[in-house]
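Chains as they are written, first to last, in numbering that gives the first Met the number 0: chain C, 0 to 699; chain E, 0 to 699.
Any given hint might turn out to be false.
Any copy will do: because identical chains look the same in the list, a pair fits if it lies in one copy or spans two.
Said to hold, decoys possible - Computed cross-link-like contacts, DSSO-like style, restricted to lysine-lysine with a CA-CA straight-line distance of at most 27 Å:
1. K361 to K584
2. K361 to K543
3. K649 to K208
4. K655 to K639
5. K50 to K36
6. K25 to K289
7. K25 to K291
8. K208 to K655
9. K543 to K655
Worth flagging that the hints you see were computed from the coordinates, not collected in a lab.
Number of protein chains: 2
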Amino acid sequence: MDAMLLVAAGAVLALAFAATMFRRVKGQPAGTPQMEKISNAVSSGATAYLKRQYKGVAIFFAVVFCILLVMAAAGLLSFFTPFAFVTGGFFSGLAGFIGMKTATMANCRTANAASESLNRGLRVAFSAGSVMGFTVVGLGLLDLSFWYFFLRFWYTTVDPAATSELLIQSITSNLLTFGMGASSMALFARVGGGIFTKAADVGADLVGKVEAGIPEDDPRNPAAIADNVGDNVGDVAGMGADLYESYVGSIVSTSTLAVAAGYGVGGVGVPMLLAALGVACSIVGSFFVKTKEGASQKNLLAALRTGTYIASALIMVCAWFAVHWLLPAENALGVFIAVISGLVAGVAIGAITEYYTSDTYKPTQRLSASSETGSATVIISGLSLGMLSTVAPVVIVGVSVLISYFCAGGAADFNMGLYGVGVSAVGMLSTLGITLATDAYGPIADNAGGIAEMTHMPAEVRQRTDALDSLGNTTAATGKGFAIGSAALTALALIASYIDKVHQIKPDIALDLSITNPTTLIGLFVGGMLPFLFAALTMDAVGKAAQSIVVEVRRQFSTIAGLMEGKAEPDYARCVDMCTRSAQKLMLAPALLAVIVPVVVGLILGVNGVAGLLAGTTVTGFVLAVMMANAGGAWDNAKKYIESGQHGGKGSDCHKAAVVGDTVGDPFKDTSGPAINILIKLTSMVSIVFAGLIVAVHLL
Amino acid sequence: MDAMLLVAAGAVLALAFAATMFRRVKGQPAGTPQMEKISNAVSSGATAYLKRQYKGVAIFFAVVFCILLVMAAAGLLSFFTPFAFVTGGFFSGLAGFIGMKTATMANCRTANAASESLNRGLRVAFSAGSVMGFTVVGLGLLDLSFWYFFLRFWYTTVDPAATSELLIQSITSNLLTFGMGASSMALFARVGGGIFTKAADVGADLVGKVEAGIPEDDPRNPAAIADNVGDNVGDVAGMGADLYESYVGSIVSTSTLAVAAGYGVGGVGVPMLLAALGVACSIVGSFFVKTKEGASQKNLLAALRTGTYIASALIMVCAWFAVHWLLPAENALGVFIAVISGLVAGVAIGAITEYYTSDTYKPTQRLSASSETGSATVIISGLSLGMLSTVAPVVIVGVSVLISYFCAGGAADFNMGLYGVGVSAVGMLSTLGITLATDAYGPIADNAGGIAEMTHMPAEVRQRTDALDSLGNTTAATGKGFAIGSAALTALALIASYIDKVHQIKPDIALDLSITNPTTLIGLFVGGMLPFLFAALTMDAVGKAAQSIVVEVRRQFSTIAGLMEGKAEPDYARCVDMCTRSAQKLMLAPALLAVIVPVVVGLILGVNGVAGLLAGTTVTGFVLAVMMANAGGAWDNAKKYIESGQHGGKGSDCHKAAVVGDTVGDPFKDTSGPAINILIKLTSMVSIVFAGLIVAVHLL
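Modelling step: build the complete structure from the supplied sequences, incorporating the hints.
What follows is the structure, encoded as structure tokens:
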């Protein structure tokens, strides 16, 4: 039987399950007309934003499409590459769009369900999160299997004499461009959405909460709707595109290494089959996410955990059979261990992330205590917490790389070892369906809370949505652990793919990738700097966009008569529109960086320099992303910890100091940090796609 | 004639000039008895601190000395290595101690001179700075030439048949251990002094300025003396030890590469001779630092600039003759260009640093404007400014490496190219005598201002010392540019020395330093994380120490009756003592990191892993150090810019927001940032010294 048929079946299964969940959510009552009105306002704002974003991004895709077409015409790429690029972008955007549509439909339904019970609220929010999770994996597998079958058909028809190796090589290099499309779209979605959501959030908080002293999500705040829209375009659509990219990227990069490792078709099939089996395991796991009425938050977390752990246990069993089926018997055990090492590393990084960012542990508690001496010490402590939290993930990734490399046979054959590293990344993401579901429901609960606040629902509803939101913060931390860990492993696999590709293009090329080679070393330096430049641009963008929202909210407060008394309505749409325009304008520079820098460095320093660049970007990017995500998460939860009554509680000086930390942390954890993950992989994919050009033309 | 005799002569010249300047400063009137009293209090506090620090560090040196002795006994090192290590540490400490003694003597004299005129104040402060500058270079050259002559004598006596290559190899590897001693001492001095100065500064500011609302350096503040002591032990003694280390490190690492490059004794002599000639050029340059009475601040800056530019121009001419004398004619021009590229790169990085940190340019002005929306935006903008400011230095270092590598013959012979890179670092630091003088006078002026404030001198005196202090900030930025640029280049030379050393130990060793080799790559990851961990530990240390000072200052304010009315004296000594104890305790962990991590990584990952570690630490360390130094400098000057009357001036909300930025920036620019420079080089030197052990024993 063809393993790829199972992959296609996995895609269908995932999409069918997503559709079922979608119908289940849609069947829930939407609440009062006022709730539905706000939900619709958020939905239309988010839709307007995404439409505008896709329009802007379409220009970028059109330009790159043309460049790729020219390169294909020049014989530097295969003819399908430009089209693969576009479909990758399209499906990534689609995954985000569906997730966003579901989330904006689910927010009022979650608020309504939460008015009945905490558990009912969880079920609705989790179902909506499942739509997102399974849409992402379903579309990913669908697209992969489509291209696989189409290209196999095409190549066997056009050149029936082609060796199976050559065939697979053509297929995987097209898939890689498809990955580049997905990464490009994800970068725009993450950066644009991230700018939108944080500009609205910071703007709303700074003027509303701090200056005017009104609560969060108060309907009098002109930026309240924009804030909720932001959650959907940034935390939902952005995250969907992001994880679609991670998922596809890890599979594609591993497939690319299969040929060099000597595994042929079977090796290409392993990562795809693992992903497809992961769908089934995730669905089984999600049936275990249930709890009795009146469950405490601890029970709820346990319920979510049970689901993911069952899925993980099942995929381990499945992986055993998958590798033994598709790979030579003498390699199967080693590759299996690589899968396990990836899975375990993902869970371990998630646990570490939770340790550093949850207020049930010392680091975040100490961070809240530092608010006693003012906001400066909160910032210093938070930055230092974030930096300290990079140690364990680096060690975990290092150990995981060593285990997967050597167990997969790296000592005997370099390429087999690297294939093992790639497979470990796939293992880490194989249960993405359910981990993403537990992750994606967080912003939905957040939005539901906003709606509860804006429609003046009873305080207990807000308490329940807050509980769900807070639970979401914990699961989001785990989710970020997976995203970031897999990014590092995938990037390593991509660097290997790059070298592989270069050798395919020019088998007699003399490379010196040694760190003592000056061009490699300078590449390493430039690469090490790139994530800093990227973070600077994205943070600056948030700052600039937030600044304009601050001015606008202040203007509305001072010019709209009766606004503070609740007698007049603010101009919500204007804030949404301003955020949209700022995000569109400001996302361009950082996103283009990922595409332009590797090409420019390649033209100057050649292949050795590019390899250095990729390694440098991966290393610094990984460390910086972990640091920013964890510092941001810890600041957020330190603030929440104080709000729960510690150190003087809400409104105290400590709370004010902690709010400063949280505000600094917002772009850290929701804009710059997660976007760096994508940056790491996109620079690698761009380098691979443009390898032909660089090998032909370079200065040094 | 022997070039090394010229080096010894340079050492004597530098020390004689320093002695002359010392006498000139000492001849100045010390001001009123009250001024002298405070100056003595600061001096005795600083002396007490340094004595305690040296005592603590002595234990570390004793332990490492014993380890090296054991290794020498086991034949892994030459017999003199342990002694070279100790002298490096001793002279580094001595340079810092003399600088500190001069500075504490000069502070009241500068305040007194400033009461006459701005220009007189500058002259006294600059003369005191010169003592420091020329002591550092004089002791450095003295020590280098002593070991050179002693070892040459010894080896020619013990083994007269030894080839000149072997002789030079033994000499340079001993010099390297001497460099490791200097770096170890510098790291302790920078970290310990940095913790002391910033804990006192933050503690004094947070309670005195922010909570009690009294001016900076107000005698009622119990931490006022500790703050001034901190300037001397951190910014003077710490910086002295730091630049001693940079200076010696660049010379030693280049010498080590001379043999591999095939230049023999002449090649070893080039960096030393350049440094010695630099002494003479610096002295000539310093005679041009004079200005007419009533000069504006612009004139003063121009006067300082004239001095450094003349010194730079002279060293270029001297370098031409030096390289043509000592090197084969066909290589001389190339090496000369390498020297020039280093000099130019140093000046360029200094200019960039100034652009990003001086309030006469847009970045810092925009940073002050961000205070309009509160402290959170000040932090975000400052971090983003710091990150953005890393781009140009990375490009400059990259271009400089390429030029010096290829011009020095790297295309034909790898080692000749690397020698060129080393020489460019020496070129950058050759005029250290005068650049350090313009740098070291800043803290003296700062202290003078403190004394003026505490003794209630007329407001114009404080204005003049503030003007000098502010001028010092600009020159300090340039100085930091040199320190950081040379650190990157020196570290690259040291990585090459490491590989060289490994080949010396085991000529048939099979290395794979390619970035696709998993052990190298994991080393790269760990190395990339190391500066983050180091920064976290040092920032945490400042935070913890400051916290205890905050508590103590609050306690004194609330328990000492009549303190706020100026009727009772605070307990200054207790704050000094607390800072001393905290600094001693907290400096240990970060400093040990630099020594332990490379050995542990080596024992596990072997030579390839260590090489990756060094490259990773250099890349991330360079970027992070630039980012922290520039963000810190910009925050400081943004605050000063507001104090000069912009955005509401002193006491406004904007000012309060900017003070938060400045407080966060303090450990950035004066503790963590500069210490990372040392970390980069010390890890390399430790790796080289322990190379014999690692080659013999390692896991992978």
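Alpha-carbon proximity between K655 and K639, which holds within one copy, between copies, both or neither at 27 Å: both (12 Å within a copy, 25 Å between copies)
Within, between, both or neither, where K649 and K208 count as close if Cα-Cα is 27 Å or less: Both: 11 Å inside a chain and 26 Å across chains, each within 27 Å.
Alpha-carbon proximity context of K50 and K36, limit 27 Å: within (21 Å within a copy, 72 Å between copies)
27 Å Cα threshold - placement of K655 relative to K208: Both: 10 Å inside a copy, 19 Å across copies.
K361 and K543: within-copy, between-copy, both or neither at 27 Å Cα: between (34 Å within a copy, 15 Å between copies)
K543 and K655: within-copy, between-copy, both or neither at 27 Å Cα: both (22 Å within a copy, 21 Å between copies)
Homo-oligomer pair classification [K291, K25; C-alpha up to 27 Å]: Cα proximity of K25 and K291: one copy only (23 Å, versus 83 Å across).
Alpha-carbon proximity context of K25 and K289, limit 27 Å: Within. Shortest intra-copy distance 19 Å satisfies the 27 Å Cα cut-off; inter-copy 81 Å does not.
Alpha-carbon proximity context of K361 and K584, limit 27 Å: Between copies, since 22 Å is at most 27 Å while 41 Å is not.
In the structure shown, no violation is registered for any of the earlier numbered hints.
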